[in-house]
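Undergrad: Sequence:
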Amino acid sequence: MKLQATPLLEGDSAEVIQIDELSSRSFVDLLDANKALLFQAQDGHLSVEDFGDFVTSLELEHYPYIGGAAPRTIIPVKAGKDIIFTANESPPQEPIPFHHELAQTPNPPEYVFFYCDVPAEQGGQTPIIDSTQVYRFAKDNHPDFIDKLVKHGARYIRTLPAEDDPSSPIGRSYKNTWNVANRQELEDKLSEKDGCSWEWHDDDGGSVRVTSEAVPAIRLVGEHAQNQVYQWTFANSIVAAFLGWQDSRNDRHDALRFGNMERMPEDVLQSIADFMHNNRVMYKWKSGDIMALNNRLVMHSRNPFTRPRRVLASIWGGPKEKVRMAQPSNGVAVGLRPESFYLDQEPATPLVFGFWKVPNEKCEEVCYQAIAKGYRRLDCACDYGNEAEVGRGIARAIQDGLVKREDLFVTSKLWNTYHKPEHVPLAMRKTLDDLQLDYVDEYLIHFPISMEFVDFKDKYPPEWTNLEGKMVIVPNDM
Numbered sequence: 133m134k135l136q137a138t139p140l141l142e143g144d145s146a147e148v149i150q151i152d153e154l155s156s157r158s159f160v161d162l163l164d165a166n167k168a169l170l171f172q173a174q175d176g177h178l179s180v181e182d183f184g185d186f187v188t189s190l191e192l193e194h195y196p197y198i199g200g201a202a203p204r205t206i207i208p209v210k211a212g213k214d215i216i217f218t219a220n221e222s223p224p225q226e227p228i229p230f231h232h233e234l235a236q237t238p239n240p241p242e243y244v245f246f247y248c249d250v251p252a253e254q255g256g257q258t259p260i261i262d263s264t265q266v267y268r269f270a271k272d273n274h275p276d277f278i279d280k281l282v283k284h285g286a287r288y289i290r291t292l293p294a295e296d297d298p299s300s301p302i303g304r305s306y307k308n309t310w311n312v313a314n315r316q317e318l319e320d321k322l323s324e325k326d327g328c329s330w331e332w333h334d335d336d337g338g339s340v341r342v343t344s345e346a347v348p349a350i351r352l353v354g355e356h357a358q359n360q361v362y363q364w365t366f367a368n369s370i371v372a373a374f375l376g377w378q379d380s381r382n383d384r385h386d387a388l389r390f391g392n393m394e395r396m397p398e399d400v401l402q403s404i405a406d407f408m409h410n411n412r413v414m415y416k417w418k419s420g421d422i423m424a425l426n427n428r429l430v431m432h433s434r435n436p437f438t439r440p441r442r443v444l445a446s447i448w449g450g451p452k453e454k455v456r457m458a459q460p461s462n463g464v465a466v467g468l469r470p471e472s473f474y475l476d477q478e479p480a481t482p483l484v485f486g487f488w489k490v491p492n493e494k495c496e497e498v499c500y501q502a503i504a505k506g507y508r509r510l511d512c513a514c515d516y517g518n519e520a521e522v523g524r525g526i527a528r529a530i531q532d533g534l535v536k537r538e539d540l541f542v543t544s545k546l547w548n549t550y551h552k553p554e555h556v557p558l559a560m561r562k563t564l565d566d567l568q569l570d571y572v573d574e575y576l577i578h579f580p581i582s583m584e585f586v587d588f589k590d591k592y593p594p595e596w597t598n599l600e601g602k603m604v605i606v607p608n609d610m
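First residue of the sequence shown: 133, per our numbering; consecutive thereafter.
Simulated from the structure, these hints should not be mistaken for lab results. We treat Cβ as the ideally placed atom computed from N, Cα and C, and that holds for glycine. Among the hints, erroneous ones may be present.
To be verified - Computed beta-carbon distance windows for the label pairs:
hint : residue 1 : residue 2 : range
1    : R315      : E398      : 29 to 35 angstroms
2    : D565      : Q172      : 48 to 54 angstroms
3    : S329      : E193      : 26 to 32 angstroms
4    : P491      : I149      : 46 to 52 angstroms
5    : I149      : H555      : 37 to 43 angstroms
6    : G486      : H333      : 51 to 57 angstroms
7    : N308      : D185      : 23 to 29 angstroms
8    : K321      : K452      : 23 to 29 angstroms
9    : K283      : N410      : 24 to 30 angstroms
10   : V484      : P440      : 48 to 54 angstroms
11   : N410      : A294      : 35 to 41 angstroms
Said to hold, decoys possible - Each computed DSBU-like pair below joins lysine-lysine, with the alpha-carbon atoms no more than 30 angstroms apart:
hint : residue 1 : residue 2
12   : K325      : K213
13   : K134      : K452
14   : K418      : K210
15   : K536      : K562
Could you build the full structure based on these sequences and the hints that come with them?
TA: What follows is the structure, given as structure tokens:
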């Protein structure tokens, strides 16, 4: 299947990517880099069956649709009887606000796919927005709100009917939402979730009001590549709940709490919703289009439309074949993402090995052992005074087969006396020479304070460091 892919978040400047063969690995790399892609056939038209073949060919983990609010119908295809379903069967006049798919659950899917079978006569676009952009806006403008989300997470409150209600955008029954047959099965399933509560409403046809457990609302997301780049995301469905969880059973103003059960400020929610609306990216569907979203990094929504419109969806977990480093020949097993890389908290925070105050006489061995134990992100600085020792530790680890250079993410820092443009290359050159590297992955300004330039040879003259071998140590009995 020869395809072409267009990055959707780049707008008119996006360059079309020609794809003769798409593997699971290349797909994951493309979505890590571009976050949202439009796939189209280079020649001809992609059918619903082609869509099924496409998503299954990527060898991603199967993800059952459990916990979602939208009413949907499964569309069986040859590639799988339960992998494709209608995107949302809510009334066409109802907009669906921005959200990450199933972000109200503890472990949302990694990838969301949409396929356009029949485009709408009018409207019906699937707007998207970069969630990292939303996070930065919210962090800059509402820092206290973000701090509470990080600390407490979010709770979602929704009343679910016993049977699907197609008149509501959140009308999915509790039976289909949780894949249960009766009340007892639902209670058994909800009781497994620490902090989740429920209340039955027999006067409303047997509906149930469910208050979710506290789930992460801000996540730190890393790429699947070995040198991971981590990004904070506004990883939740709180704007969707605030704007869209409204029907005969639900009041959108009562749909949200922080994890500590404190109400969320509506003026902040509206501010974030307005930012999303003003910065959304829209594409007009064509029949045969496939939209692929990195659900960890991109939020989506739906505009009202005039029928006919038929857009299908498919959701998936991460790649079945996890990325791992090659086993070193000397038998030291080093995983790509050992559990020790993460603090025991939400959101998970990757650990970086820093060399500040590591004594020079121990630094080489400390660096070597850190790499042997699985660290891949190393934090250095010229001002730490031990980059030469770090460099020797890295060189030993590479020589012994523990890692390759491309397996490491090395950070160094520009000192204050080298801020002028003509001095930066001098500082970089010294760092690279000391680290015995051709490049560093990240080069930061150590402090945003410029100081008078002092050459390294003047700051550390040879007679101080005995580089010329002329220093003689004389015992002193004082």
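Undergrad: Is 51 to 57 angstroms right for how far apart the beta carbons of G486 and H333 are?
TA: holds (54 angstroms)
Undergrad: Starting from the hint 29 to 35 angstroms, judge whether the C-beta atoms of R315 and E398 obey it.
TA: With Cβ atoms ~33 angstroms apart, the hint holds.
Undergrad: When you check the alpha-carbon spacing of K536 and K562, does it fall within 30 angstroms?
TA: Judged against 30 angstroms, a Cα distance of about 22 angstroms means the pair holds.
Undergrad: Take a quick look at whether K418 and K210 sit within 30 angstroms of each other, Cα to Cα.
TA: OK: K418 and K210 at ~23 angstroms, within 30 angstroms.
Undergrad: Could one say that the CB atoms of P491 and I149 fall in the range 46 to 52 angstroms?
TA: With Cβ atoms ~49 angstroms apart, the hint holds.
Undergrad: Between K325 and K213, does the CA-CA distance stay at or below 30 angstroms?
TA: holds (29 angstroms)
Undergrad: If I claimed the Cβ atoms of V484 and P440 lie 48 to 54 angstroms apart, would that claim hold in this structure?
TA: The hinted range 48 to 54 angstroms holds for V484 and P440, with Cβ atoms some 53 angstroms apart.
Undergrad: A range of 23 to 29 angstroms was offered for this pair. Does it hold for the Cβ distance of N308 and D185?
TA: holds (27 angstroms)
Undergrad: Given the hint that K134 pairs with K452, test it: the Cα-Cα distance must not exceed 30 angstroms.
TA: The hint holds at about 23 angstroms.
Undergrad: Could you say whether the range 24 to 30 angstroms given as a hint is met by the Cβ separation of K283 and N410?
TA: Holds, at about 28 angstroms.
Undergrad: Take the C-beta atom of N410 and the C-beta atom of A294, compute their distance, and say whether it sits inside 35 to 41 angstroms.
TA: For N410 and A294 the Cβ distance comes to about 39 angstroms; the hint holds.
Undergrad: CB of D565 to CB of Q172, is that within 48 to 54 angstroms?
TA: holds (49 angstroms)
When each numbered hint is compared with the structure, no violation occurs for any of them.
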